[in-house]
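Asker: My request is simple: use the sequences and hints to build the entire structure.
Chains as they are written, first to last, in our numbering: chain L, 1 to 253; chain W, 254 to 544; chain U, 545 to 830.
Derived from the structure by calculation, the hints contain no laboratory data.
One thing to keep in mind: the hints can contain errors.
Stated by the list, open to error - Covered stretches of chain U (in silico footprint by chain W; criterion: 3 or more residues with CB under 8 Å from a CB of chain W, positions within the stretch not fixed):
# : region
1 : 616 to 628
2 : 681 to 691
3 : 790 to 797
4 : 803 to 810
Keep in mind that this is a model prediction, so the values were computed, not measured.
Every residue, glycine too, gets a C-beta built ideally from N, C-alpha and C.
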Amino acid sequence: MSGKPMLTLTGVSKNFGGLLAVNNLSLNVHKEHICGLIGPNGAGKTTVFNLITGVYPCTKGSILSEEVDLTRLKPYHITRLGLARTFQTIRLFKNMTTWEHVMVGQGFRPRSDTRGIFPFSRTRERNLRDEAKEILVLLGLWEVRYRKASILPYGIQRKVEIARALALRPKLLLLDEPTAGLNIQETNELLKTLNKIHELGITILIIEHDMRVIMELCDHIFVLNFGQKIAEGTPGQIRVNEQVIEAYLGREE
Amino acid sequence: MFLQQLFNGVMLGSTYALIAISFTLLMGVLNMLNFAIGEVFMLGAIFGLTFVKLGLSLYLAFFLAIICTGCACLVIERFSFRPLRHAPPLVPLLSTIGFSILFQNTAENLWGSERSQFPQWMEPIDFHVGPLLIPSTQLIIFAAAVFLMVGLDLFIQRTRIGRGMRAVAENIETASILGVDSNLIISTTFLVSGALAGASGILFGLSFSIVSPFMGMEPGIKGIAAMIVGGMGNIRGAIVGGLMIGIIEVLSVGYLGAPAKDFAVYGALFLALVIRPQGILGMIHPERERI
Amino acid sequence: MSVYHLDLLSALGINILLALSVYSPMATGQLSLGNAGFMAIGAYVSAILTVHLHLPLFPSLVTGGVIAGIFGILVGFPALRLRGVFLAMATLGFGEIVRNFFMNFLGRVTGAAYGFRGIGDTPISILWIWSWVIFFLIFFFFLSRSRLGLTMLATHDDDTVSELIGINIVRLKIGAFGLGAFVAGVAGGLHAHYYLYTEPEFFNVWKSIHMVLFVIMGGMLTFWGGVFGAGVFTLLPEFLRFLHDWRGAFFGVMIIGIMIARPYGLLTREILQFDFWLPGQRKRRL
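Answerer: Set out below in structure tokens:
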């Protein structure tokens, strides 16, 4: 499983006016892997996502994706380069339907131009709509495509968020606690869906608290605590890593 | 000359400060911008004048008027705040715009649209302190404004209700859990806000000898500007902001002529918004997004 | 058709344009309380061009609109950093500064506070106004059905997330401001050339507030809302003549009531049940 890394963080730090949220973090996410980012609450995992996607600028360090330096780019630029994400608390567009969420994701993908008032190319439009249908069917959202997304059940809303991210045709998908709030059945379903997405060749980096999901899904895991990487390795290695156990359960006095 | 202008600016600014406090009370405690405060200001002067014309002494008229304006604000609470707790944030603002229109139109119809003024209420004596000319009327008005501001500050810091207001300003749910009667606090905030605005209106009317249904528009906007410049939700900020706007207004008219007045005031507002939106004394960073 | 009816229809047309001018920034989540300022710029620029430079009407109107639009873009930049109340106050300040400018400067050309008289010899035909109205209605119709319109809605709903799905919100928001300013500028020019007179006092805060009310009351989320609101606020006073001077109070109460009953305005996307989307998509079922 070698080849060029999809995402490389080197010495990344983020200082919020005195609070060091991320401390000298370096990691490599390889192409077509599913990688997990775990750690106790407040370890800085979401901050790392925010740094990668350009929501906050890094205080120090650099972020590269396939040799392109993302460190100083604006969020919309980074997204157009092929990184898409979901959020810890679901953030859907409260006035749009499911279908429209996928459409809006499509509008500005790589290789897509920014005109769009008059759909001059019927073929292109038809292709886009076919793609949208594929995404909706893949996630089991076809039946609810015309429903206003904000009134859908929680589990389905999570899927809509993922659908919106997929519409961007990303090369790297960043998922922030996608199973939060889901019951066992929904979690299993999500696991299957994520595997299907992975089969499409998309690299996935996932923040999770549900250990079962991480262990079953990931090829490689990074463990964070207090903004620093304290361990990394395969699920088997992480499971028995003493520092990781200590971080989660606390030290035995 | 400069000193005199500065002094005049402080006098004017003290009434703006009172209005700014009215705005900032509601903004700080309830996160609501009550656009109708400008008209409540006007109602204060109108009610005050009416009571005086009915034969009451100025002091009695003053107190009655601010009770009336306090009640007017309670009406606003009933229709613009309570039913709209969960509406999108712009909606209460627009509802208060509706009240603004209602109050102004009603005042115009019931009191006529000409300007009038308060009858002379005391023998004016002019004090000369150094190069300054201080009319005794101005001094008393300023003293009244200061008295109100100090009184409010004490009220917020020392009384139970005042502490409740600060608690609700922090977090309304937590405050309820801690036993604060949030409905009482809300009503009190509106009442005090209305009373202060009305008081400001009467003092303004006495100071500048105008009472008209249209007198509230500009001071209302300047009050909001003062609130923003000084720092929203912050009473001391409102005072600082009010004084600044007053001084800027007087100085710009004095040195640059009447046309410069609005440029100076709105220019200051612009600068404040662009450079330091949280205001001079404000400490909240505007709209830090949590992802 | 009597003069009275013509005047009413003209006022309606101009109000529709003004509503659209407020709708444009609002569709990207920005409340502008200063569009009277853009209207003023359009009015004065176009009037100066026709009266003093003797240019024909159409280029003058367009130039007025374009210059207003440029100011809209200029205002749009600092507007990016402001939200909600702050933005509303900044735009209000802008509107007042514009009004003040025309009140005190360029007096020899425009008459300043005394007003600009004699803008042409005869009022322009009402068709001028309504052709622009139809044009913009068609424009906004296609815009709202397009992908660009969808990204505007996304920016309106959540602009942080929109940025994270690849939308250039800077360009979108500033563009929306500029577009709104252009429409307001054209409306101002039409107004000046229909009434043959204009003065700075006309473009005051209340004018800006009225425009915003058309949109908020008519319905914030669709451009038809502003159109409907403009219709209500223009035509309803005619039916309420019996109230005489109390019409203002009535409108105040109406605003308060509507905000309680329908906080999103009278028309919503659901009510219109239009096929708001690109051609070929089936009608929505809720």
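Asker: Taking the earlier hints as the rules, which of them does this structure contradict?
Answerer: When the structure is compared with the hints, only number 2 turns out to be violated.
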